[in-house]
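Protein chains in written order, with this note's numbering: chain A, 335 to 609; chain B, 1389 to 1545.
Source of the hints: derived by calculation from the structure; they are not laboratory data. Where a beta carbon is used, it is the ideal one built from N, C-alpha and C, also for glycine. One or more of the hints may lead you astray.
Simulated restraints on C-beta separations [unchecked claim]:
| hint | chain 1 | residue 1 | chain 2 | residue 2 | range |
| --- | --- | --- | --- | --- | --- |
| 1 | B | His1483 | A | Tyr396 | 41 to 47 angstroms |
| 2 | A | Arg478 | B | Ile1425 | 31 to 37 angstroms |
| 3 | A | Pro359 | B | Arg1481 | 53 to 59 angstroms |
Where chain B lies over chain A, by a calculated footprint (3+ residues, C-beta under 8 angstroms) [stated by the list, open to error]:
| hint | segment |
| --- | --- |
| 4 | 383–394 |
| 5 | 434–441 |
| 6 | 500–508 |
Partner residues are not named here, just some residues of chain B that face chain A (Cβ under 10 angstroms, in silico) [stated by the list, open to error]:
| hint | residue |
| --- | --- |
| 7 | Thr1430 |
| 8 | Cys1447 |
| 9 | Thr1448 |
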Amino acid sequence: MIPASFEYRRAGSVEDALGWLAEDPDSTKLLAGGHSLLPLMKLRLATPGVLVDVGRVPGLSYVRDAGDHVAIGALTRHRDLEISEVARAFVPLLAHVAGQVGDPQVRHRGTIGGSLAHGDPASDLPAAVLALDATMVADGPRGRREIAASDFFRGFLETALEPDEMLTEIRVRKAPSGWAFQKFNRRAQDWAIVGVAAVLDGDPRVALVNMGSTTVRARGTEEALAAGADAAEAADRASEGLEPSSDLHASAEYRRHLATVLVRRALVEAAAARG
Amino acid sequence: MRVTVTVNGTTETHDVETRMLLVHYLREIRGLTGTNIGCDTTSCGACTVLLDGESVKSCTLLAAQADGEEITTIEGMAAPDGTLHPIQEAFHRHHGLQCGFCTPGMVMAVASLLKEHPDPTEVEVREGLEGNLCRCTGYHNIVQAVLAAAHSGELVP
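So here's chain A without its partners, still in its complex pose (with noise of 0.2 angstroms):
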């Protein structure tokens, strides 16, 4: 499978990509590590007229402590969150999923900002981002905005950036214990059928892999939580106002069972970590 025809542009700086990218901002696409975007073309799914690629771009993949929070520069790769000391440290989920997306050779080449910006509802990084109520930070020919994550997914493949927007930075609380991630999939490498990230650290937070068309949060178990339920009655609640899709891998009627099961020991697992 080979992707249809592009201009390939490589970017010297963000300036190099949103300048490109103002040209012609709806067939112009940001290619970062490709492990998102290249499957697309090859499917012939997405078809750019330019590819532009920021993956070379210096200065956009670190993970920094900057004080009550923890800043991730969008270019970081899965590897690099999952090794990073500041992110073991102080935001240990996000640097556990990012150990779990994929295998090995796409965490050494897929990056944070692509798998965001992506919005796929099947990937790990967003129900965590989620989660830890971050901060995308944007920027674009109208300057620099920041948009949280509850603001973040929007659909299906969709999310808030503006077709000539760039994500830069994406910004995380920080949350050492009482967390929990849960995925269940059929195979190593594959997506999760449901997946369930949970922070207990503050105001309970649970998000949800593959539980609709694009990432959400499992309100209902989190107005449980807040009203005092117990973990199994709180997980009676996960797919409450939700619609998971039916698929060749799952049933929406699985989905539901698998996310009510997944929450709670999420729950349980997080609650102990919390100690």
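Based on these hints, arrange chain B on the given structure of chain A.
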């Protein structure tokens, strides 16, 4: 576009289509057909090569992304006199292959795995090879081969 890539220590410059995948570049332009194309969907790992020492799936990279980089393929593992690399030797000795189609990708994935985990447990080996499928299901001996290679004392970290 023009790309300059060092493959197994040899640097060459070629004009390629922007959409050319790294695996096609290696096989068709460089003539190195040891790297196999299996699933072509980033799943099976048969096309695994090293990019600056790290395992990557060459069906999911553009040749353009390898411009200026160093690639190692299975052809670059044995010594020039034909002496097998310790990982290859271990696969040979422990019968870590049946049909052999996944083997080049397995060996390259193992090279990267052992760089990150020089003294892996069996679980770390199994998880570290989650990106490589063996349709013969010969995983048991592959894992034994990797553990033997790690403990052979012949690997330069």
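Exercise. Any of the earlier hints contradicted here, and which numbers?
Worked result: Violated: hints 2 and 6.
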